[in-house]
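*Asks:* Each chain is listed here by its residues.
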Amino acid sequence: MKEQLANIRTEALAAFAGAGSAQDLDALRVKYLGKKGELTAVLKSMGRLSPEERPAMGQLANEVRAALEHALEEQGKRLEAQALEERLKAEAVDVTIPGKPVKLGHKHPMYLALDEIKDIFIGMGFTVLDGPEIELAEYNFDKLNADEGHPSRDWSDTFYFDTDSRVMLRSQTSPMQVRAMETMELPIRIIAPGRVYRKDEVDATHSPMFHQVEGMVIDKGVTMADLKGTLNTVVERLYGKGTKTRFRPHHFPFTEPSCEMDVQCHKCGGVGCPTCKGEGWIELLGAGMIHPRVLEMSGIDPEVWSGWAFGIGLERTAMRRFKIADLRLIFENDVRFLEQF
Amino acid sequence: MNLSRKWLREFVSVDANDKAFAGAMTLSGSKVELTHDLGAEISNVVVGRILSMERHPNSDHMWICQLDVGRDEPVQIVTGAWNIHTGDLVPVALHKSSLPGGKKIEKGKLRGELSNGMLCSLKELNLDERDFPYAVITPAALLNDYKPLDPEKPSIPAGIQAGDKVSGPVVCAKMLEVMPLGDGAFHTCADIGPDGTVCPDTPCSNLHVGDLVAYNTKTDRYCTLEDLHAQQAEFPHCIPDGIFVLQEEGVKPGDDIKPVIGADDHVVEFEITPNRPDCLSVIGLAREASATFGQPLNLHTPEVKGGGPGVLTDLLDVETPAADLCPRYTARMVRNVKIAPSPKWMRERLRAMGVRPINNIVDITNYVMLEYGQPMHAFDYRYVKGGHIIVRRAEEGEELTTLDGNVRKLTANMLVIADEHRAVGLAGIMGGLNSEIVSDTVDVVFESANFDGTTIRKTALALGMRTEASAKYEKGLDPLNTLPAVNRACELVELLGAGEVVDGVIDILNYVPQPTVLKLEPEKINTLLGTGIPEAEMVRILRSLDFGVEGDQVTVPSWRGDVLRMADLAEEVARFYGYNNIPATLMRGQTTQGGYSPAQELERSLGAVCRACGYDEIITYSFISPTCYDKILWPAGYHARKSFQILNPLGEDTSIMRTTTLPSMLEILARNYNYRNKTVRLYELGRIYLPGGEDGLANEAKVLTLGAYGEDMDFFTMKGAVEAILRDIRAKDVRFEGPAGAPSDASYHPGRCATVWSGSNCIGMFGQIHPLVARNYGVDAELYCAELSFDELALAKGPDPEYVPLPKFPAVTRDIAVVCDEAVTVGALKEGIRRGAQGLLKEVTLFDIYRGKGIPEGKKSVAFNLVLRADDRSLTSEEADADVASILSLLEQELGAVLR
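Listed in order, the protein sequences are those of chains A and B.
Residues are numbered in the numbering used here as their position in the first sequence, beginning at 1, plus a constant of 5.
Residues are numbered in the numbering used here as their position in the second sequence, beginning at 1, plus a constant of 34.
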């Protein structure tokens with residue numbers, strides 16, 4: 006019997022190791038360990054042994070059973086791993102086949118630029134204002150110190166809705182300065198982006214409708230140095246750290262002193278090239294200290310409060326930001342253009 | 035404003051090169067747009083003297099010239115021009131030279147003869163006869179150049195000889211002698227056959243010894259083509275073109291041509307802001323340059339000798355009934371004028387500044403305007419009837435023919451200069467043709483006046499004739515400038531020997547300006563600028579601009595009408611202290627809370643969901659054509675057609691403010707369709723402009739517009755996007771219905787459009803665009819659009835989400851398919867299912883609609899998946915079956931839908 010057990014052990018272990026599939030292995034399990042299996046048969050014949058022999062033989066039989074079960078389990082795991090490996094191999098894909106397309110929409114490049122600007126100013130404590138495009142000349146001109154004779158009031162420059170030149174399409178976002186001064190509590194920090202309209206024929210750099218962002222700060226002790234510091238920060242955020250700027254005197258009826266801000270030409274680094282018309286600088290925006298008369302007209306005492314304001318053309322900013330060569334592309338809305346951004 | 039740097043140098047000495055000059059002037063406030071070196075394109079072009087000329091052996095029209103160009107050896111150049119003669123000084127483009135327009139000249143052979151360069155015409159030097167009036171070329175009709183139009187019928191016989199008759203008194207003459215007289219004319223002798231020899235002087239410059247020429251025996255003149263009524267083609271080489279023969283003094287062979295023709299100047303183009311009309315002049319810019327470069331300004335006081343015949347007050351009387359529009363009128367008179375071209379230096383300066391020379395008197399007025407910034411006008415005294423100048427408002431409907439030859443119809447708010455009978459000029463804009471300076475003008479009145487800027491601007495605008503003068507007046511000029519300007523004009527008349535200036539000045543001052551005196555407050559200026567500029571530096575800067583400073587009193591110069599208060603002084607100080615020397619600081623003071631308003635947040639999230647659905651953002655014009663409403667089939671008389679109308683639009687297409695965004699979207703869809711873009715999905719959050727807002731303004735409502743066509747696009751794709759938007763904002767109580775019967779429904783396919791509702795509020799409409807509308811936009815594909823009101827979306831927006839516990843117990847699902855009439859909608863079935871359920875139904879999902887085999891005609895089978903669940907226990911199959919039975923019974927009873 007001892008021999009018998011040893012033979013079963015040897016035979017079964019060899020058979021298990023040779024099993025090539027889970028089914029084969031299961032058949033072997035039945036053959037040796039099943040109810041009618043060989044080991045079971047041996048165990049059943051234990052009754053015929055003497056009581057002295059039984060414990061030793063029983064222990065041996067259990068050892069053999071444990072050994073076979075262990076071997077069975079091991080081989081089972083091995084076969085499973087092998088089968089998995091084969092399946093994964095069979096499931097391999099050509100990774101160069103394109104993915105299933107997900108169509109995402111694109112933000113218009115001009116609004117991408119606008120959102121950058123908004124984020125910068127919001128971070129500096131500005132709120133964003135929205136205002137009418139069909140506007141009173143009173144807000145667009147009078148209260149901005151551009152009186153009756155100002156050339157921008159001409160019908161050749163500005164669109165009007167009545168013969169008295171009272172209601173017009175705003176020619177700038179600056180009337181939002183006045184609307185903010187009249188309605189908001191001091192101190193004020195606002196930007197006001199939006200559409201503006203001027204009587205320009207469409208070409209590569211002009212459009213009768215375009216966009217500006219107005220910005221204004223009014224507080225006690227605000228200086229021209231603050232204007233420079235703030236706008237320099239904005240430009241560095243927009244065009245990268247270390248972007249060089251310069252300020253030039255200019256004229257706007259509603260600021261005094263007035264200035265224009267240039268950024269150093271990104272193409273030539275200031276040496277002069279066709280992009281900057283040889284000047285080394287590219288005009289970016291107009292700004293200035295709010296004219297004391299403008300403050301007065303909106304009921305703010307210029308002896309106590311001072312402020313600065315700026316206006317920036319969005320199309321040009323976006324065109325520079327994304328190297329768009331022709332303004333007409335902005336309003337053409339060709340999806341081949343839109344989907345580049 | 036163009037500035038000649040040569041002219042500038044007369045007032046201030048600045049050595050900086052163009053780039054440095056432009057940079058410094060720009061930073062002190064006079065923005066330079068461009069600089070030009072007038073001679074940049076000209077190189078290696080010199081003055082040459084023609085030493086000898088011989089006819090080219092292999093050409094019937096070319097000459098071989100030997101020229102002295104200041105070198106040891108003469109230079110040979112071949113030319114086809116006929117207006118040159120031995121002894122002439124001419125511009126010579128030598129081997130390896132360049133000319134305006136980028137033309138390069140190199141030596142070469144012309145019909146076998148070496149030519150070491152080119153002789154230049156005026157045109158080749160970028161000049162014309164106005165620049166050098168003496169260089170006009172008058173060709174005679176050379177009979178040896180004659181080519182008959184019809185070879186069968188020549189009007190001049192081939193072998194014509196000296197003395198042969200041409201026609202009438204005109205005979206053939208053979209040139210024996212041609213001698214330039216130095217002033218453009220020639221002394222000649224010619225053989226006219228049996229009648230002997232004639233010796234007329236002639237302006238014709240194409241004659242050379244041996245030429246046969248038409249000669250008129252009656253007038254003793256050589257004939258031009260005009261005299262012979264000949265066509266150019268008959269005398270192909272007798273043309274009024276040729277080499278520029280110089281008559282300049284002190285010019286010798288070898289001299290660089292650039293200074294000779296005034297191309298040695300540099301011109302700087304400034305952008306002058308409207309507050310600085312004083313800088314629209316050489317002197318104004320010289321003052322800025324003087325302050326910028328710290329160089330003294332050398333102004334000149336005009337000196338007039340006078341002594342012309344007569345007494346001014348007897349000759350001229352000026353009245354200004356329109357005194358309110360004419361603050362000052364200054365006039366002087368010049369008599370016995372000799373109209374002639376002005377001298378070269380004056381012509382060069384005018385030309386450098388972009389003004390065409392005309393004649394000495396007109397050129398003087400332009401010269402003074404450029405130098406002083408004071409517009410001037412010259413009248414022919416003969417046509418100022420009664421010697422009486424009246425500055426008055428025009429009569430309504432009065433007519434005046436201006437110098438440009440146009441008849442102007444005037445209105446009563448325009449200002450004219452008139453004599454006793456009629457207007458002779460449009461004040462401050464343009465003179466009248468009736469008093470123009472002409473070649474036989476004898477006596478001249480110089481006007482140097484100050485007019486009301488607004489009146490001039492409005493008149494110029496109304497008549498569409500903005501001129502140099504009106505552009506200056508409209509900005510408001512210095513009334514103190516009229517007198518020095520008129521004196522300068524008279525001084526120039528004397529300098530040019532153009533006439534005799536009558537003593538005295540007529541000067542009517544209707545308004546005496548008081549100088550502006552401001553208090554200098556250095557600490558306030560520094561507080562505004564954020565600087566610490568010492569008071570002494572401020573005083574130095576202000577004085578450098580001719581502001582008077584006494585203690586803390588600043589007297590503003592008369593030409594600086596723009597300086598009215600402390601902030602203006604601060605700008606003057608800052609400009610010359612340097613904007614770039616002002617520190618850059620960050621704002622102090624109370625911090626404010628930045629951020630977006632709820633409406634702005636909603637705009638952002640709507641944009642984000644549209645993009646997530648695959649829609650690209652567009653920007654369209656706010657104005658549209660009135661015909662757009664027809665194109666989208668809005669019925670006539672529909673109240674929403676009432677739009678804000680631009681009274682002065684760029685064109686009909688952009689003349690009204692849209693009350694719907696649909697045409698804008700359709701236009702962009704159509705454009706993309708024409709570009710053959712296959713699949714297009716677009717959105718815009720844009721405004722419409724509805725009449726009836728506050729203050730007569732618009733109610734500018736925002737509309738979220740979607741537009742799409744192409745692959746996978748149908749009604750339900752568009753509906754899916756609309757649903758996604760509504761889901762994203764957690765819109766309350768949403769439902770879809772058919773069109774609501776509005777006139778604007780006409781834009782949509784009647785069976786494929788829907789309205790979207792939140793409770794009782796209509797959010798908008800969407801669906802397929804009516805095929806006729808699509809066709810109106812040139813599109814033969816299905817277009818889909820949605821128009822959702824931003825305000826309604828904001829109202830429909832649900833509250834922030836609140837967590838609902840996840841189900842603890844399993845659900846039971848059941849699929850049912852019912853057969854019903856076609857007319858029963860899925861919506862009604864769903865609604866029926868909801869109502870029929872007894873509290874266990876959690877979800878209903880449509881999964882199939884079937885028509886065809888097994889289903890009777892006019893019926894359809896609609897299949898739903900139902901999810902049933904109780905919140906507090908596991909459902910039994912029986913409980914679920916009971917709910918489904920209840921649902922089916924309701925569907926059958928109310929909708930006639932039976933289980934399939």
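Fair warning: there could be bad hints in the mix.
[Unchecked claim] Distance condition first, Cα-Cα at most 25 Å in a straight line; then the derived DSS-like pairs of lysine-lysine:
no., chain 1, residue 1, chain 2, residue 2
1, A, K282, A, K249
2, B, K378, B, K339
3, B, K676, A, K204
4, A, K112, B, K378
For the record, the hints were derived by calculation from the structure and aren't laboratory data.
*Asks:* Does the alpha-carbon distance linking K282(A) and K249(A) stay inside the 25 Å limit?
*Replies:* holds, 17 Å
*Asks:* Checking one constraint from the list: CA of K676(B) to CA of K204(A), max 25 Å. Satisfied?
*Replies:* holds, 23 Å
*Asks:* Tell me if the straight-line CA distance from K112(A) to K378(B) falls inside 25 Å.
*Replies:* violated, 62 Å
*Asks:* So if I understand the rule, the pair passes when the alpha-carbon distance is 25 Å or less; does K378(B) with K339(B) pass?
*Replies:* Roughly 23 Å separates the two Cα atoms, so the pair holds.
Hint violations for this structure: number 4 only, all remaining hints satisfied.
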